[in-house]
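Chemist: Chains as they are written, first to last, in the numbering used here: chain A, 1 to 261; chain B, 1 to 251.
Hints are computed from structural coordinates only; laboratory data are not their basis.
Positions of the beta carbon are idealized from the N, C-alpha and C atoms, including for glycine.
Some hints here could point you the wrong way.
Pulled from the structure, derived: some chain B residues nowhere near chain A, Cβ distances all over 12 Å [unchecked claim]: (1) P140; (2) T162; (3) I180; (4) K208; (5) A218; (6) L219.
Covered, in the sense of this in silico footprint (three residues per stretch, anywhere, with C-beta under 8 Å from a C-beta of chain B), are these stretches of chain A [stated by the list, open to error]: (7) 3 to 14; (8) 85 to 94; (9) 229 to 236; (10) 239 to 245.
Just so you have them, the derived chain A footprint on chain B, three or more residues with Cβ under 8 Å [as the list claims (entries may be wrong)]: (11) 197 to 204; (12) 220 to 227.
Residues per chain, in single letters:
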Amino acid sequence: MKSLREMTKPHRLLIIALVLAAVVWCAEGLRWDWVGEYWASGVVLEGLTNTLWIWAISWGAGLFFAVWLGLAQAAGPWYLALPAKIYCSIIRGTPLLLQLWALYYGLGSLFPEFPWLRSSFLWPYLREAWPFAVVALTFSFAGYEGEVMRGAFLGVSRGQLEAARAFGVPRLTALRRIWFPQAFQRALPTVGNESVLLLKGTALVSTISVLDIFAVADQVRSDTFITYEPLLLLAVCYMVLTGVLVLVFRYIERMFPARVA
Amino acid sequence: MLDPIKNMFAPGGPFELLAFAPPGWGGNLLFGLLRSLEVAGGAYALALVIGILGAWGKLYGGELIRDLLQIYTIVVRAVPELVLILILYYAVPQAINSVLVASGHERIVPPPLMVGTIVLGLVIGAYMTEVLRGAIKAIPVGQMEAAKAYGMPAGLTAWRITLPLMTANAISGMANLWLIATKDTALLAVIGFGELTLSTRQAAGATKEHMTFFAAAALLYLIISILSGRIFAFAERWSRRGQAPLKRAAI
Numbered sequence: 001m002k003s004l005r006e007m008t009k010p011h012r013l014l015i016i017a018l019v020l021a022a023v024v025w026c027a028e029g030l031r032w033d034w035v036g037e038y039w040a041s042g043v044v045l046e047g048l049t050n051t052l053w054i055w056a057i058s059w060g061a062g063l064f065f066a067v068w069l070g071l072a073q074a075a076g077p078w079y080l081a082l083p084a085k086i087y088c089s090i091i092r093g094t095p096l097l098l099q100l101w102a103l104y105y106g107l108g109s110l111f112p113e114f115p116w117l118r119s120s121f122l123w124p125y126l127r128e129a130w131p132f133a134v135v136a137l138t139f140s141f142a143g144y145e146g147e148v149m150r151g152a153f154l155g156v157s158r159g160q161l162e163a164a165r166a167f168g169v170p171r172l173t174a175l176r177r178i179w180f181p182q183a184f185q186r187a188l189p190t191v192g193n194e195s196v197l198l199l200k201g202t203a204l205v206s207t208i209s210v211l212d213i214f215a216v217a218d219q220v221r222s223d224t225f226i227t228y229e230p231l232l233l234l235a236v237c238y239m240v241l242t243g244v245l246v247l248v249f250r251y252i253e254r255m256f257p258a259r260v261a
Numbered sequence: 001m002l003d004p005i006k007n008m009f010a011p012g013g014p015f016e017l018l019a020f021a022p023p024g025w026g027g028n029l030l031f032g033l034l035r036s037l038e039v040a041g042g043a044y045a046l047a048l049v050i051g052i053l054g055a056w057g058k059l060y061g062g063e064l065i066r067d068l069l070q071i072y073t074i075v076v077r078a079v080p081e082l083v084l085i086l087i088l089y090y091a092v093p094q095a096i097n098s099v100l101v102a103s104g105h106e107r108i109v110p111p112p113l114m115v116g117t118i119v120l121g122l123v124i125g126a127y128m129t130e131v132l133r134g135a136i137k138a139i140p141v142g143q144m145e146a147a148k149a150y151g152m153p154a155g156l157t158a159w160r161i162t163l164p165l166m167t168a169n170a171i172s173g174m175a176n177l178w179l180i181a182t183k184d185t186a187l188l189a190v191i192g193f194g195e196l197t198l199s200t201r202q203a204a205g206a207t208k209e210h211m212t213f214f215a216a217a218a219l220l221y222l223i224i225s226i227l228s229g230r231i232f233a234f235a236e237r238w239s240r241r242g243q244a245p246l247k248r249a250a251i
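Given the sequences, and given the hints that come with them, work out the whole structure.
Modeler: Next up, the structure:
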């Protein structure tokens, strides 16, 4: 945090005054009467929770797959490295929106060809939109992080692993105790950035009719014909979420020792 | 020699839906791709201008400029592109019109291509600012001090020391941003701009052959990303000529 002295420099005071003026103008000059009604109906909170847990599941599952994708590319034999590389290139080379629509509309259009799906235990999930959203975001996050983890695994200095081999540490133990922790620490700043990107990516799930926070704002706009206000509030919402995420990652980064070999 | 390939796209062939001329939708997809590339190229050029000015302002500008730029990059990077695009899609034409009206011109309806380009350029410009700033900061201090010790003027230092050394650091980030630019054009589909993703969905919806068209579009995006990846990799190798290669670990 900046000190009080830093914040009270003349130009900062000017900026703060301008921002406050803008906030006051927004509060007075724009329409906010819809907020109370939508908050009371609970739809805002529902959208927010949907955004958050879709983010959380995709983050966890995506990172898990990413470690294996990265390891396969950094140390695997060619028959593991090649598919992992192709997977990462495809995910990173095509827009998330296209992946999402391909999964939802494309896969959905294939279901009628398999009548037994209707009676299977999977059907209640396949009928909904959110599983497609979670799967698409997980695949996407895994693809991006897989590439990051590959770089991180390769970035750990050779001497660390040679020392482990010299001490007769088994390969799997060396991976668990030496290679992975150092690689993960290296990857942390990037993972933090990509987590923010994933959060921003969750906004796309509203295009396949999942009720996330973006969909709520869109609904307000089409109900009330108000153009800017819901979008501005939505932007503030995402900025707060991103801010919290950045702070959490900064805290995690500081838990690791700053200097390693 | 090309006949077998042509026959695949002819009526009755496996890819008849992707044929170039109207019963097939290939022409629509390629036209969508062209529109995507137009927007991405324009936005990238705009982002480069914003990025160079922004990086320069952040590193050497006054305190007010630095703080304003900081607010710009933080806000743009914290809010989803989709939200920014929606806000700016209404705000940019309004801004253009208020400038036109103030200077005594008629109001216009700006073409969606222009609005999309400006919007994406503003978004990617924030990232470009950070990439270029980081690249300039990563130049070893000794290099700049050596230039100063030789009495090199500021302009010549920028041209002979900062630019070549910065390029090597910046290219991987710039390559990423170009790929982000091409992929973010897909977001314009949500506001009804007919680029590749929207053309794909229209074609898929009309023919009910979703998988064919989504796979074709994915292939087109992939070709773009692989080709540009090659070009940027070449550019990075070229800009790193003479530098020691990085060492790698292996278990």
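Chemist: Which hints, by number, does the structure contradict?
Modeler: Going through the list in order, the structure violates hints 3, 4, 5, 6 and respects the others.
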